[in-house]
Amino acid sequence: MNTKMKVLSLALLGLVGYAGSAAAGCPTSPVPPWSSAPQLGGGVVAVVAGGLDASACRMDASLGPSFASLATVIDTTPAAEPRYRFQFLINADATGNFGTTDAVSIFSANAAAPANGRTPILQIALVPGAGGAKRLAFVASCDGGANFRCAGQSADLPAGVNRVEIDLQIGPAGTVSYWLNQTGTTEPAPDGSVTVTGGNNAWIGGVDTGVMGLGSPSPSFKDTHAGQAVSFDTFDSRRATYIGSP
Amino acid sequence: MKMTCLALLVAGVLGSGAAFAQTCGTPSTWNPDDTGQPTVSPGDLCAGSDSVALFCQFLDSSGKNDGIYQINLAAGFTAKSITVTGGTATFNPVVYLYTAGCATGDGCVQSGDSTLPLPLTGTAPGAYFLAVTAASSAATGACGTPTMATNGTFPVSLQNFSVE
Numbered sequence: 001m002n003t004k005m006k007v008l009s010l011a012l013l014g015l016v017g018y019a020g021s022a023a024a025g026c027p028t029s030p031v032p033p034w035s036s037a038p039q040l041g042g043g044v045v046a047v048v049a050g051g052l053d054a055s056a057c058r059m060d061a062s063l064g065p066s067f068a069s070l071a072t073v074i075d076t077t078p079a080a081e082p083r084y085r086f087q088f089l090i091n092a093d094a095t096g097n098f099g100t101t102d103a104v105s106i107f108s109a110n111a112a113a114p115a116n117g118r119t120p121i122l123q124i125a126l127v128p129g130a131g132g133a134k135r136l137a138f139v140a141s142c143d144g145g146a147n148f149r150c151a152g153q154s155a156d157l158p159a160g161v162n163r164v165e166i167d168l169q170i171g172p173a174g175t176v177s178y179w180l181n182q183t184g185t186t187e188p189a190p191d192g193s194v195t196v197t198g199g200n201n202a203w204i205g206g207v208d209t210g211v212m213g214l215g216s217p218s219p220s221f222k223d224t225h226a227g228q229a230v231s232f233d234t235f236d237s238r239r240a241t242y243i244g245s246p
Numbered sequence: 001m002k003m004t005c006l007a008l009l010v011a012g013v014l015g016s017g018a019a020f021a022q023t024c025g026t027p028s029t030w031n032p033d034d035t036g037q038p039t040v041s042p043g044d045l046c047a048g049s050d051s052v053a054l055f056c057q058f059l060d061s062s063g064k065n066d067g068i069y070q071i072n073l074a075a076g077f078t079a080k081s082i083t084v085t086g087g088t089a090t091f092n093p094v095v096y097l098y099t100a101g102c103a104t105g106d107g108c109v110q111s112g113d114s115t116l117p118l119p120l121t122g123t124a125p126g127a128y129f130l131a132v133t134a135a136s137s138a139a140t141g142a143c144g145t146p147t148m149a150t151n152g153t154f155p156v157s158l159q160n161f162s163v164e
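Chain order of the listed sequences is E and W. Each step along the first sequence adds one to the number in this note's numbering, with nothing skipped, and position 179 is 179. Each step along the second sequence adds one to the number in this note's numbering, with nothing skipped, and position 11 is 11.
Next comes chain E alone, as it looks inside the complex (with noise of 0.2 angstroms):
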């Protein structure tokens, strides 16, 4: 066990989850337990009442009209981590129904440095699902893909909110597994994967920074959902075990 990154986050997770009363009401920045929280081109991070997971406080991403609009926090106290196992409470309703080009950044589990022209180990984005449904869209460095990029996707998400679990691992063997919305401690078999191709992803080290928010906005994401919130709870990182829903 990652002893710093497990106490960040018990730290993140008392900070989304919030121990404190709504009347008491909620923390004015997210910084700290996050080391910090870029907000540029209009993006707005706020942590407001109401949690995910019947807690008193949760955190609201929006964007700017703007390609280059920010909302993010980002957590540093991951160190080189071979095996990085995070999960979040995402709740994306109040973006309406996807448009067939709707698209936008939620997750970046990035390296401290570039390899072969990468620096983001693994990417999470909101896409397009059937019918205005969103799901998740996955982008993981790898040795055979086109420009070292692995892409997989999820089964669309149902309305509301979302539990993400993801299992990250790097090395010759390298892999990526995610759960959608488990009950329970034990863990069970993954709901999917994406595909490294080629193997191997060692090349690209460890997980040094997780960013959460949004960004990256597709044409249409920025022209039609430009100040709308994207909810974000309870995220909690680990470097071996399963983290599962209580």
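FYI, nobody ran anything at the bench for these hints, they're computed from the structure. There could be a bad hint or two in this list.
What the hints assert, rightly or not - According to the in silico footprint, chain W covers these stretches of chain E (three or more CB under 8 angstroms from chain W):
#1 38-47
#2 70-78
#3 89-99
#4 118-127
#5 193-203
The C-beta atom is built at its ideal place from N, Cα and C for all residues, glycine as well.
For this one, chain E is given, so just place chain W on it according to the hints.
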């Protein structure tokens, strides 16, 4: 009495619209005058190089060439924003102002695109990198010929002055 005034950088001398290697290895400079002239362009980014793989820890720029400038916002700078133009159907230019190591693209303090200029009002005086590239949502290899303009000076700073 001898008065020496050394290294008074003159606005416009170092700034140039001419295209040359605006990379992290050799960033260009931009010193606009009181009216914001001259504008600057890295030329055709398709013929440039990719200095930064990721901006602001989140915005993937891998495979998209960049134009890199090093600017100094001296105390009293009057420029209020930086606009970027030159977009096409496949190229949406964006600009980032950041403080960390050039190739890291980190320490972002402001950003902008062709519809929402990069704001400078309220930005602390200091040395910054200014990068222009394609939007992170664009396909790998997206490029074009952007031009950046501003509406004031940064301004010229006195580097050394002595009276003997």
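So, going through the hints one by one against the coordinates:
1. 38-47: Held - the segment 38-47 of chain E has 4 residues with a Cβ nearer than 8 angstroms to chain W, which meets the minimum of three.
2. 70-78: Contact hint for the segment 70-78 of chain E vs chain W: holds, 3 residues under 8 angstroms.
3. 89-99: Contact hint for the segment 89-99 of chain E vs chain W: violated, 0 residues under 8 angstroms.
4. 118-127: holds (count 4)
5. 193-203: violated (count 0)
Violated hints, listed in ascending order, are 3 and 5; each of the other numbered hints is respected by the structure.
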